[in-house]
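From first to last, the protein sequence lines are chains A and B. Counting from 1, one number per residue, gives the positions in the first sequence under UniProt numbering. Counting from 1, one number per residue, gives the positions in the second sequence under UniProt numbering.
Check the hints yourself; a few may be wrong.
[Claimed, not checked] Calculated lysine-lysine pairs in the DSS-like style (CA-CA distance at most 27 Å, straight line): (1) B:K427 - A:K158; (2) A:K81 - B:K460; (3) A:K158 - B:K460; (4) B:K216 - A:K158; (5) B:K427 - A:K147; (6) B:K395 - A:K139.
[Stated by the list, open to error] Over 12 Å on every C-beta distance to chain B, these chain A residues come out as not near it, computed from the model: (7) G93; (8) R94; (9) V131; (10) I143.
No lab work stands behind these hints: they were computed from the structure. Being a predicted model, the structure only gives us computed values, none of them experimental. For glycine and all other residues, C-beta sits at the position ideal for the given N, C-alpha and C.
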Amino acid sequence: TENGSGAAAIVVEEKKEFGSKVDPLGNGAPGVVEEVVKFEDPKWVSEVKRRKWLEDNPESSNNDFPVVFDTSIIPWWAWMKRFHLPEAERLNGRAAMVGFFMAYFVDSLTGVGLVDQMGNFFCKTLLFVAVAGVLLIRKNEDIDTLKKLFDETTFYDKQWQATWQDDKKE
Amino acid sequence: MASITLKSFIGLRQSSLENHHSTITLPSKPLQYLRHNIIASKSSPKITGRNLRVAVIGGGPAGGAAAETLAKGGVETILIERKMDNAKPCGGAIPLCMVGEFDLPLDIIDRRVTKMKMISPSNVAVDIGRTLKPHEYIGMVRREVLDAYLRDRARDAGATIVNGLFVKMDKPFDKYAPYVIHYNAYDGKAGSTGTKMTMEVDAIIGADGANSRVAKSIDAGDYEYAIAFQERIKIPDDKMVYYENLAEMYVGDDVSPDFYGWVFPKCDHVAVGTGTVTHKPDIKKFQLATRLRARDKIQGGKIIRVEAHPIPEHPRPRRLSNRVALVGDAAGYVTKCSGEGIYFAAKSGRMCAEAIVAGSENGTRMVDESDLRNYLQKWDKTYWPTYKVLDILQKVFYRSNPAREAFVEMCADEYVQKMTFDSYLYKTVVPGNPLDDLKLAVNTIGSLVRANALRNEMAKI
């Protein structure tokens with residue numbers, strides 16, 4: 001695929017000329033590197049490609065070509081645009097939908113309008129639970145995952161306590 | 001009291017614990033066991049005509065340290081070791097505090113590692129060790145040298161060292177009746193089955209390692225264990241210069257799904273190895289991957305030895321039964337994340353012996369279970385934070401490739417290096433400056449998020 005051959009070129013060139021954008025159409029021409037000096041050159045694109053390549057084809061680590069990539073060099077706005085904002089949009093949308101529906105539902109059941117709902121402590125708690133739920137539970141599997149995570153955090157403790165538990169059984 | 005049978009998949013480990021039937025009851029009154037300690041051995045009878053007799057099964061660091069402390073405390077000690085010149089497969093790293101605490105002579109240490117390189121799945125390499133002071137190092141030892149030294153010191157203190165293999169023990173029927181241990185005495189004759197011997201002892205310390213027979217005799221239960229696989233490679237001298245005092249740690253799914261691969265310098269060669277808990281059948285594949293990652297640095301090397309050994313992942317459900325206690329690997333005192341066991345073996349052997357010496361008032365009184373429980377209590381209290389912190393590190397940072405990338409990135413931070421080395425070298429979890437800790441927590445989360453974001457990008461390609 002296009003990625004395969006493009007990535008091959010990256011592996012050779014990346015270590016020496018970090019940040020140069022590799023010609024994505026460089027099929028069958030390994031080693032062809034376009035020296036693109038663009039101001040908004042997203043450095044992490046090449047790093048992403050490099051990592052993907054290495055994941056499938058691990059390479060020897062070499063002292064002469066040290067990799068010194070640190071994720072913190074990627075500017076904050078790149079993270080925002082590619083990673084944070086789409087996710088935030090999704091979660092805010094969900095929270096808004098849940099909020100609207102719950103407000104309508106409570107209003108229809110109890111007759112308490114939106115403004116009065118906000119004054120009630122119980123409703124405030126529900127709001128908090130809803131926000132937390134939207135953040136933590138994004139798929140059905142997440143509920144299981146969260147439970148497993150909780151078990152996992154305390155599992156080691158239980159293994160250590162085992163010798164004391166036995167004592168009580170005797 | 002709720003009874004929880006821990007059976008299912010817990011976290012990363014596809015561990016089914018059914019085979020060691022661990023029905024673990026939650027302590028509803030956790031302080032109840034303290035009452036045991038108050039029934040002090042002041043009520044146990046004074047022994048007349050002889051001193052307390054204790055058998056230490058196993059002559060590794062745990063056994064050697066235990067036997068020495070017992071003998072020094074006036075207890076009649078016998079140490080039974082199967083193979084006196086056993087060159088055990090082992091990483092061989094000891095922390096700085098062990099040299100001081102156990103008065104080890106400096107010539108036991110083959111190499112002093114003062115630099116470490118952590119290499120991430122995508123070969124991002126980070127050098128750690130900048131914060132080490134000139135007198136601080138990680139000692140690399142040969143196990144046969146260390147074990148023999150500790151055993152000899154035990155003998156000089158008055159313990160009897162016997163070359164033999166422990167077979168089984170007869171449990172006493174009375175409260176203070178002796179245990180009878182059965183062993184085959186080899187007496188230095190290799191290859192023979194040895195002469196069957198028995199001996200009466202009052203207490204037994206099981207220091208016989210990961211496949212402990214003493215543990216089996218007292219139904220201590222099983223533990224999960226990792227397999228560590230290691231190849232000793234003799235590399236050309238010019239390549240050996242690089243490893244003069246540097247050790248490397250490789251992380252990645254290719255190298256190990258739940259542990260790490262390493263290159264440790266030994267006396268005149270390097271040990272290249274890896275380990276795993278969950279994917280034991282693939283260990284050879286992981287070893288090949290480790291060799292591949294280190295290929296440029298070990299080029300031209302010859303494999304002189306291949307070895308493997310189990311590493312316990314957590315303590316056994318029962319570390320103590322009546323007057324039999326387990327120490328070291330037999331008890332399962334190996335830390336997570338780094339897999340370090342030598343220091344904890346020696347320290348637990350010593351602590352157990354100290355508890356026996358104290359409870360028996362230097363060998364003049366009988367001991368009972370409560371005295372040995374003191375050792376467990378002291379051990380858990382002193383080292384629980386260390387174990388827990390390493391467990392958390394393993395759970396957070398060995399989860400996936402992005403987590404490992406974040407791990408290596410965090411290691412570049414000087415504060416992290418200082419904290420890591422301080423806690424490793426001196427075996428205390430020192431709470432640092434809270435502001436720095438907060439910054440560290442924020443940086444950790446940031447690294448993890450960024451690494452995972454990159455991973456998401458990778459999936460999109």
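Hints and how they fare:
A hinted pair counts as satisfied when its Cα atoms are at most 27 Å apart, and K427 of chain B with K158 of chain A qualifies at roughly 22 Å. For the hint pairing K81 of chain A with K460 of chain B, the CA-to-CA distance comes to about 15 Å; that is within 27 Å, so the pair holds. For the hint pairing K158 of chain A with K460 of chain B, the CA-to-CA distance comes to about 40 Å; that exceeds 27 Å, so the pair is violated. The suggested pairing of K216 of chain B with K158 of chain A holds, with an alpha-carbon distance near 21 Å, which does not exceed 27 Å.
Distance hint between K427 of chain B and K147 of chain A is unfulfilled; the C-alpha atoms sit about 32 Å from each other, more than 27 Å. Taken as a hint, the K395 of chain B and K139 of chain A pair is honoured in the structure, with Cα atoms around 22 Å apart against an allowance of 27 Å. Every beta carbon of chain B lies more than 12 Å from that of G93 of chain A, the smallest distance being close to 19 Å; the non-interface claim holds. Residue-level check passed: R94 of chain A sits 19 Å from the nearest beta carbon of chain B, beyond 12 Å.
The Cβ of V131 of chain A sits about 19 Å from the closest Cβ of chain B, beyond the 12 Å cut-off, so the non-interface label holds. Here I143 of chain A stays apart from chain B, with its beta-carbon at least about 15 Å from theirs, past the 12 Å limit.
Taken one by one, the earlier hints fail for this structure at numbers 3, 5, listed in ascending order.
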